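Engineer: Mind docking these for me? Both chains are given alone in their own frames, and the hints should help you get the complex.
Those sequence lines, one after another, are chains S and V. With the first letter of the first sequence counted as 1, position 53 gets the number 53 in this note's numbering; the numbers rise by one all the way through. With the first letter of the second sequence counted as 1, position 28 gets the number 1028 in this note's numbering; the numbers rise by one all the way through.
Just so you know, not all the hints are guaranteed correct.
[Claimed, not checked] Example chain V residues on the side facing chain S (calculated, C-beta under 7 Å, incomplete):
hint	residue
1	1082
2	1085
3	1090
4	1102
5	1105
6	1106
7	1118
[Said to hold, decoys possible] Each computed DSS-like pair below joins lysine-lysine, with the alpha-carbon atoms no more than 30 Å apart:
hint	chain 1	residue 1	chain 2	residue 2
8	S	321	V	1139
9	V	1108	V	1127
10	S	344	S	376
11	S	321	S	344
12	S	365	S	344
13	V	1108	S	321
Calculated from the structure, these hints are not laboratory results. Treat the numbers as computed from the prediction; the structure is a model and nothing was measured. Heads up, the beta-carbon is just placed ideally off N, CA and C, and yes, glycines get one too.
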Amino acid sequence: MTSTRDSATDQYLSRFRAFEQTLNGQASTPLHPLRRQAIAQFAAQGFPTSRDEEWRYTNLAPLLQQPFAPAPKGATLSTEALAPLLFAGPQSPRLVFLDGHYAPALSAAGSLPQGVVLLNLEAGLRQHADLVLSCLNHQIQGERHALAALNTAFLQDGAFLHLPAGTEVAHPIHLLFLSTAPAAPSFSSPRLLVVAGARSKAMLVETCAGPDGRPYLSNALAEVVVGEEAHFDYCKIQQEGDAALHLDHTLVREGRGSRFTAHSLSLGARLSRNQLDTMLDGEGIESTLNGLYLANGEQHLDHHTLVEHAKAHCASHELYKGILGGRSTGVFRGRIHVWPQAQKTDAYQANRNLLLSPEAEIDTKPQLEIYADDVKCSHGATVGRLDEEALYYLRARGLDLGQARGVLTRAFADQLLDRLGDDALRAHLEGRVAAKLTALNGGRP
Amino acid sequence: MLEIRDLYASIDSTPILRGLSLKVNPGEVHAIMGPNGSGKSTLAQVLAGHPAYEVTGGQVLYQGRDLLELEPEERAREGIFLAFQYPVEIPGVNTAYFLRSGLNEVRKHRGLEEVDAIDFLALIREKMNLVEMDENFLKRAVNEGFSGGEKKRHEILQLAVLEPRLAILDETDSGLDIDALRVVANGVNKLRSPERSAIVVTHYQRLLEYIVPDFVHVLARGRIVRSGGKELALELEAKGYDWIKEEATASA
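Excised from the complex, chain V in its bound form (with noise of 0.2 Å):
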């Protein structure tokens, strides 16, 4: 499905990845843990395609094609999803259109028909159904006044919606209550198939007691520094993360 080697990243021409390698096969949820600073938003955003972020290096295979080579609405059509830590809000554009857009275009892609507005709503008032979400919201502007746990799960409203091959969620669990967290949790299990995966960005154990990963992964000073199951995240919870930093300080 995903096979990153050897990437290296930076931002505004400060180094963020540096060398992180990591595989992931068909049907595995894979978390990446880490502590503040060490790229795991990088990486999220860097698979998505964010322009403002420059590869320096490394390569990254998707379904066995250059995935660094497409545009980030190329990523998506192709099945690569990114919930964002910060979703965006669009003022003026209304949620059903942009839900709508975005699905068509995904359609599109794969040779399937669109959608119309009827067929649409059926749709989509499953969807919303799953994330408990009001259908009030598809007429407001995406994301405008949302609140966090609202935004969080719109994300997971989208995720439902196109249904990608590779989710990858970066902190979708931060600053939510127990209730959202469940509902976001319960939004990305039901999508899990052996086609898919999923890559879970978090800095808290919390969220993988829901979405119960194959593969823990610990990123420090931009790459991966200790890999194992999802015992590893227990074992952070109980050590937090300074154990982690000092062995990347000793390493670099």
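Looking at chain S on its own, in the form it has when it is part of the complex (with noise of 0.2 Å):
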């Protein structure tokens, strides 16, 4: 085991050698330094294995056994191919993806109020470089997470979202993140960065997928900056392929008086693994993590959140909500870390699944370390199966096993869709979970 992953760390090293033969003149931008930087940082590490804590119940062999390249730039997407990922109305942004190169002719300039940028990170570079640096790769910490380090030493392009203070963009931005999975085995590296200014407030969608069958790997970082009393709503959609690993790392600060939401939505990829950190990092904060995971066959899907409550007064609120059937395998681990002079901190915090088949497997644990005295934090984790008598009840009522399934398995995913705040995202995704409960159910509609 250790062997293949050092050497697999080896040949993502040999890798980045290549990449940086190609890159020419990009060479020379700043961005290359904080890519270097990385470079060492994960070659220090290599590969998380199972002994480290984080990564017990999530074997990255799928990464090591199967040699990945970067993937390259050129995909061309259909909008036909493009069309059912899509839910928002003319009025809102999007910028489009394709193996992590920006496609213009695919994406859409909405309308934007005045001052706000939604660019390509390359784009964003060129235009706003201090804003750009001042905030890129600041708030991960690449000495620690590998992962993250290789998505920066790989970082080409990304989506930049910049909100001036007091700005407020009234339909959802969408970006979509989305792999062709060319013949060879490739990766890609989305970045995002959003400055949402003091009292600024948008929506910001964010679509993963790509196509059946065929393995690649995603491997995403976004960095998100909230201001003072901004108000900001950060919904991601992992809908990747069935042979695909997306691997996924956000981190969110958050300023005096704001308001986070973040939803995540899991339906996709072979393995995936996703983390969330959020910094209350002011007082007055109110933050609201909720997360939906749903696998079937041989899926793994692995959900980790860090609460940091740093400073006093401030709010967390986090539910997320799991079904698996066949033998998928998920992952929930949820800490939330109360400093000593975070007084008065109320946080909150809750893990539900529901298992449909004997070999399905959650690994559940909540972990919170308190150490103010005056706080009011709880936490609960269950794991269930669907009611027997609930499924007689709604059959005794004419409803067949399979739709009596459907409906409760639906009830226990409503919870979760009720909580988005578009109607049109709303829409869609009900759309997505449904087609998925279905095929978790046994096929049956």
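Structural biologist: Right, here's the structure in full:
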């Protein structure tokens, strides 16, 4: 195992050297020192192993055993293929990335208020270098997170959103990071930087998708700065192809009096690891983390969250729910860390799981570390099966077993879908969830 | 309508019904009475198809067909309705959706058009009036947070919506005050017709003042030990069940 891991690490190091050669002029941009620093951080750590507490239940063997090369530029996608992934009206701006490369022809400007900047990162670096460089790679500790460092090392492009103070975007902004999975197994390194100024307000929706049946790796990293009194909603839809590996680390730093809401919906990928870290770095913050994961077949879906209560008088509400069927496995680890000065913290975390088959598995672990004495913190984790009496009750009213299971699993998921603020998005995701539940309940409508 | 012949059933390998026979003709209302543990609820659940009960012997014919061959949903679609003694709470499932789904499954089976949300609302308003239930219940999760009486009214509402051929009421009267009892009985009586039948399982004679049965059967140790007209219920009320238990033990 160690040798597979070492040789995989070496492979990415030599891929980096080859990647550097292709950069030409780009190697002199301010980004390149970040890449070089990051590859050194990655080299020092190598890939995580199951001996690493954070990776105990997620085995990266599918990543290590298979060589992935940086995805080349030049892939195309028809507008017909894009259409089913879209939900928003013409006023919503949209940025599309194919294998990590910006695809302007598939993107749409929509309507944005004066001053709001939505660009691909490359253009953002050219036009707003100071702002981008003052925030990019500032939240992530590459020396502790090898995969995030790997993202930065191969960073070429991504999305950049800047909301100046007081600006409000009325319609959801849609980002699509799509993989085309070309013939040779490839990886992309999607990147997102959001700087939401004081009192700004916006909703960002991110879709990660790709074709079924072909292995590819998407290793994403997002950094979000939520300014004082800002309201920011971030919805992430993971619907990668069924042979895909999806790694994702999101870091959020919230300012005084801000409201941040995350919605995470994980449906796809063979193996997915989703890490969401929020830093409540001011008083009076309200932070809400909603998550829903649905797995069947051999899927492995891992969700890690970290809520850092660094200041007093903040509230965090977290609810993650999972439905697992087939031989799928799930991991939930929710850590809440209340710092000594964070008095009057109100933190709540719940993880509810429904197992639909005897082979499905979930490892759930809440972890509360509280160093302040005047706080209200609670957590709960449950793992259960469909209520047999409820199934019988529905059948006694004429619904067949498949329909009854569908009704009960849908009700379980609806609690989270109901929390989505945007009607068009909710309708879009209800369709996705319904299709996935049909597959989970054995293919019956 | 229904013919039960020498029925044996058990749960978790414990025999409960031990040779029960009963015949229900169209239009008849049969009351099943008996002490606790005599098998009344087991009979109701076996007829509805509860998967936890195992039929170990005997036969049940419903409209000439082998009822025991049918899945619970097939029985419901064929016109059997069980009003549950303990209606199940289903968090997250809206009551209107629940009622309409059941109705449409039954209608599809009968070759009728499905009812859309608008037509359904008109229909359900009328039925809710009948059982004196507020329309707000439609928006709430099925039975969640309902009081005992509200749950029982909700069962009768479902009965009124689904219009079954054979209604089985499993201790629908237990825990009801006199007003709720009247409402429940009214809902059942509205459905009485020469084509429809009912089996009313009850511990007390009280309900039978409102739903007047054609026959009363006394169940003890898993079989019917006495049958008669409605006056048998009064006799039981006066004498209690002890004499029945003694007779059943003596004959076993």
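Engineer: Each hint: holds or not?
Structural biologist: Against the structure, the hints:
Among the interface hints, the one on residue 1082 of chain V holds; its C-beta lies about 6 Å from the nearest C-beta in chain S, closer than the 7 Å criterion. Because the beta carbon of residue 1085 of chain V sits about 12 Å from the nearest beta carbon in chain S, more than 7 Å, this interface hint is broken. Proximity of residue 1090 of chain V to chain S holds as hinted, the smallest CB-CB distance being about 5 Å (cut-off 7 Å). A least Cβ separation of about 4 Å between residue 1102 of chain V and chain S falls short of the 7 Å threshold, and the interface hint therefore holds.
Hint status for residue 1105 of chain V: holds, given a least beta-carbon distance of 3 Å to chain S, under 7 Å. Checking residue 1106 of chain V against chain S by beta carbon gives a least distance of about 5 Å; that is within 7 Å, so the hint holds. With a least beta-carbon distance of about 20 Å to chain S, the hint placing residue 1118 of chain V at the interface is violated under the 7 Å criterion. Under the criterion of a C-alpha separation no larger than 30 Å, the hint pairing residue 321 of chain S with residue 1139 of chain V is consistent with the structure, at around 23 Å.
Proposed proximity of residue 1108 of chain V and residue 1127 of chain V is supported: the alpha carbons are some 20 Å apart, at most 30 Å. Distance check on the hinted pair: residue 344 of chain S and residue 376 of chain S sit about 7 Å apart at the alpha-carbon level, within 30 Å; holds. The suggested pairing of residue 321 of chain S with residue 344 of chain S holds, with an alpha-carbon distance near 27 Å, which does not exceed 30 Å. This hinted pair checks out: residue 365 of chain S and residue 344 of chain S have alpha carbons roughly 24 Å apart, not beyond 30 Å.
Taking the CA atoms of residue 1108 of chain V and residue 321 of chain S, the gap is near 34 Å; set against the 30 Å cutoff, the hint is violated.
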